[in-house]
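S.K.: Chains A and B are the protein sequences, given in the same order.
At position 107 of the first sequence the residue is numbered 115 (the numbering used here), and the sequence of numbers has no breaks.
At position 248 of the second sequence the residue is numbered 249 (the numbering used here), and the sequence of numbers has no breaks.
Please note that the accuracy of each hint is not assured.
[Unchecked claim] Over 10 Å on every C-beta distance to chain B, these chain A residues come out as not near it, computed from the model: (1) G42; (2) I85; (3) T91.
[What the hints assert, rightly or not] Straight line, CA to CA, 27 Å or less: simulated DSS-like cross-link-like pairs of lysine-lysine: (4) B/K409 with A/K101; (5) B/K235 with A/K101; (6) A/K101 with A/K33; (7) B/K235 with A/K28; (8) B/K235 with A/K113; (9) A/K28 with B/K166; (10) A/K101 with A/K28; (11) B/K166 with A/K101; (12) B/K235 with A/K33; (13) B/K235 with B/K166; (14) A/K33 with A/K113; (15) B/K113 with B/K235; (16) B/K166 with A/K113; (17) B/K113 with B/K166; (18) B/K373 with A/K33; (19) A/K28 with A/K113; (20) A/K113 with A/K101.
[Claimed, not checked] To give a feel for the contact side, a few chain A residues facing chain B, derived at Cβ under 8 Å: (21) I32; (22) I34; (23) I50; (24) R105.
Don't read these hints as lab results, they were simulated from the structure.
Here a beta-carbon is modelled for each residue, glycine too, at the ideal position from N, C-alpha and C.
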Amino acid sequence: MIYSMCFMLFLVGLYGVLIKRNIIKIILSVGIMGYAINLFLILIAYQEGSDFPILTPAETSKAMVDPLPQALVLTSIVIELSTTALLVALAIKIYQRYHTFDIRKIRRLRG
Amino acid sequence: MIFSPLLLILLPLGTAFLIPLVDLFHVETRRLMVIISASFSLFLGFAALWSAWPELLAGTFFHSYHLSGWLPPLGINLAFDSLGLLFSSLVTLFSFLIIVYSIGFIGHHEGKYYVLLFLFQAGCQGIVMTGDIFNLYVFIELSAITSYALIAFERDRSSLEATIKYMVYGILAGVFIFLGIIIIYRSLGTLNIAEIADNFHRIPLTLQRTSVVFLLTGLLIKLGVFPFHFWMAKVYGSAPASISALLSGTLAKVNIYILLRLFWVGTGFSVLREAGWDRFLLGIALLSTILGHVLALREREVKRMLAFSSMGHMGMIVAVLSLNTPLGLFAGLLHAVFHALMKTGLFLSAGYFLRFREGPKEKRFTGAAYRKLPIFIGFIIFALSMIGIPPLNGFFSKWFTMQAFLEKDVYPAIALIYSGNILGLIYYLPFVRQGMLGKESIMKQKSTSSPTPGFFYQERFVTTVVYILILLVMSSGLLPFVFQEPFEVMIAELTEPIRYIEHVLGGIIHE
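Just chain B, with the same shape it has in the complex:
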């Protein structure tokens, strides 16, 4: 790689702390700085991916950075492997899209908003790069605390309520993860993920299982899988649409990364399997799939419906990952990427209609097609992709998911996912119908789309982002096999954690 991976964390972190300073002097400069910084971090992300591509295909991609020069088992290190690269690219791409979307979307208290957004990006980048488990916890908390503040950003009643609820769950999740980490430190005396992976089997069995239970509970709360799904609809429904998209598109995928990093590499999957917890995980994930789709049926508000559908899809990803077969991991990673694209698109296109129209939230979607037809067609395309119509990308990830379940003879799972698809068709249709009816409500739309007209508050930013997402969904549907080779490398790294250990700890011998 041509630059240090540390730069991907430092750039958003630095921008976040510069914004309030620049904001004091000149507001227009700050707006320009936000755009430049976001574009530059997108450029860095692309440069990282571009320069790493040959190494990635060869299976030798690994970069580490030792903070203040301390070598791995002693100091904090960044361990940037192929799985980290995938999720880091996702974080970079979606942060950029959402920052550009927000330029035309937010329109009040922007200074604070971008500080939080850049800090969130830094936190997510940190999670996917760090090789130190306590550092992982710190970055989890960084992204969590900024997301609490972002959800409460509208400051109205429902968002305050949602934030209190989400915060209590989030703090509980953080506490459980921290307890798990402390127990591991107590037994091994190390915080380095590679060294933990190397020595985890030496811990007494009860302590192994206690730490795994704490870590898993914390992560399941964060993922919103079945017994802990209460916060999702409320949070996604009342946060600004850009933030709902960020939570469901980026933060949820980062949590999937933590799940993979901790339980496939850190502790080794055998701990889960020997205790029979992989079956348990499969069970609750499948339950959350069907429950999410069923609960989405009765929602009349578009963002709450999307939240429940998100819960269904996250359940499906966790279920197919917990099979721990190469095909299952492939399907899970593919669906994580594609679901991020589709769901971000859905939230952003729905948010466009909710933002630029007046009236109660349930009514604002009426007559959407007459407000802006291309965006509405985009919404339909994302919905079709979500249901899994062949030329679009959702079809392929579901296809591989079905195959993975067939391979392991888990027939109930196939029935559940198939019925989830049909339910998806049923709960997206009323919204499409609602959007096409009600021509008379066009009269009630807001006179100006933006609070203060000007270059930086234009609807065009919002619509461009949605068009880009439509393009990405359609093109990734046409070329799903681009992902095949790099994903196989990642899966090999996940199934043989020894490679990660050698990459991180082997560096001591060479240097």
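Extracted from the complex, chain A is given alone in its bound form:
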């Protein structure tokens, strides 16, 4: 159930990237797609009723969630941050040149 919702979030992002014509909306869709993937990554590590993955001297009897995806998600967030920053910088540059965010108009302006 929760997996399919995660997949739907991914599809929303994909739809935005492929269909939307406004650069800002495309950037937001890229973000949504990234969140869906990060959520998916965290979800596959999760087990019902298990503990956080830190060894404490007090009790070690409970099962722990898989710590590796949590480490991977950090890397993936950093990568997403840098791509988003670059995209936004490009969008600013494009707005300065064309005074619009609409991809169709940008193409027409260039001729």
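With the hints as your guide, set chain B onto chain A.
M.R.: Chain B in isolation, oriented as in the chain A frame:
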């Protein structure tokens, strides 16, 4: 090997982060540092190849490095095998040539440019060496993000547009590859490529195919094979010529490496074959070959024409690799190496004329032969090699490609590639004609070749690199059989992934 393979990644990475620091204090020192660092990494690459050559021929070449001492299935490891060595040498050679070319070519915001270029080199070296699939993804993104910034480097309208387009496709490709990797991790609980290769057949069939579909889609977008080719002409046409050469010569070949590593070693080729997707891959790759050559016909701008021709040749490489016969793999690897040499040469010699002349992009090639004849002759030599004229190297790789298709009785492929050659002749000729005509336009050339004259901004750097490439194209055409023995070792490793698995995971027992 006499030094750790990690050094090949660390040197460009370290240089990249030192450049802005040195740039703050003294600009000339930074220029010197760029040259020294590039030469040193070329030296390391040669030393690696030289010391590995006997092992390579004996088929025992394998080096690994375990980061922070964790052994393979647990920690991140570098697994440097013969295929990795081939592509690592390519990356080292072309990065060096393009850095030297850029010294005379770029001429503005150089500090930022070299940071990105060295980071790109580090990313490509990382891709060809890593033995960990998530690490592979990180390095793919590293090289992708730096290439976005490099394409937008001119900051003019067309390059900004091209970058937005390329970025959206690149991000989609990255997301698909990442999804594929997550699905594999979910099913196997490991990220080590050797362990994945060992256990991939245990995954349920639907999950196997889902992950392969995601990985393959991502890679095909990156390679620019037929349904995803829209970004290529725009990007290669509007990036600086040195960057177009880097993308088409180096990054595309690194993507071929990822294709080989993931689908021949990682998942095993049988997954593709049992689903019938190798036929599908062959089909779209052939379609992209002919489409690339046809689209190149109507281009009037030299770099866009080269982009479409690049698409045609990448399609041909993917097609011949997807036959999965030893001869097919040999032809594919040979054409990957030779195409990198020829296409880098073409982009760099065309870039020379585009850079040092004024006027609209379509007109700047007119009268090129009068501007600098040796470079123009170089352009003709690269073009002839691309078409496949016998003494030059392009002929040999096409010869083996034809043989590989003949062996498997794929006659339509032979017809398509042959007509691609003839089309190549048709679309290169107008540019040669354009270069030789129009003597009157020599008057309009730029008065000084460089923005600020001085030792570090000289045309001679640019021309030397083109001469070196001419030399490499001609000599590799005369000695194509040097490649025979090492390539056979690589092909054996690709067709029997068990050797890679034993090399990586067998180390646990020995150490």
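S.K.: Take the hints in turn and mark each one as holding or not.
M.R.: Status of the hints after comparison with the structure:
1. G42: Violated: least Cβ distance 7 Å, not greater than 10 Å.
2. I85: For A/I85, whose nearest Cβ neighbour in chain B is about 12 Å away, the distance exceeds 10 Å, so it holds.
3. T91: The assertion about A/T91 is violated, with a minimum of 6 Å to chain B.
4. B/K409 with A/K101: With a Cα-Cα distance of about 52 Å, the restraint between B/K409 and A/K101 is violated, given a limit of 27 Å.
5. B/K235 with A/K101: With Cα atoms ~18 Å apart, B/K235 and A/K101 stay inside 27 Å; holds.
6. A/K101 with A/K33: Holds: A/K101 and A/K33 sit about 16 Å apart, inside 27 Å.
7. B/K235 with A/K28: Distance ~20 Å between B/K235 and A/K28 Cα, so the pair holds.
8. B/K235 with A/K113: Satisfied, since the Cα-Cα distance of roughly 17 Å is no more than 27 Å.
9. A/K28 with B/K166: Distance ~13 Å between A/K28 and B/K166 Cα, so the pair holds.
10. A/K101 with A/K28: holds, 20 Å
11. B/K166 with A/K101: It holds: about 14 Å lies between the C-alpha atoms, which stays within 27 Å.
12. B/K235 with A/K33: holds, 22 Å
13. B/K235 with B/K166: holds, 9 Å
14. A/K33 with A/K113: Given pair A/K33, A/K113 holds - Cα atoms ~15 Å apart, limit 27 Å.
15. B/K113 with B/K235: holds, 23 Å
16. B/K166 with A/K113: Distance ~14 Å between B/K166 and A/K113 Cα, so the pair holds.
17. B/K113 with B/K166: holds, 22 Å
18. B/K373 with A/K33: violated, 48 Å
19. A/K28 with A/K113: Measuring from Cα to Cα gives roughly 13 Å; hence the hint holds.
20. A/K113 with A/K101: holds, 15 Å
21. I32: violated, 12 Å
22. I34: A/I34 check passes; min Cβ-Cβ to chain B is 6 Å, inside 8 Å.
23. I50: violated, 10 Å
24. R105: Where the cut-off is 8 Å and the nearest Cβ of chain B is about 6 Å from A/R105, the hint holds.
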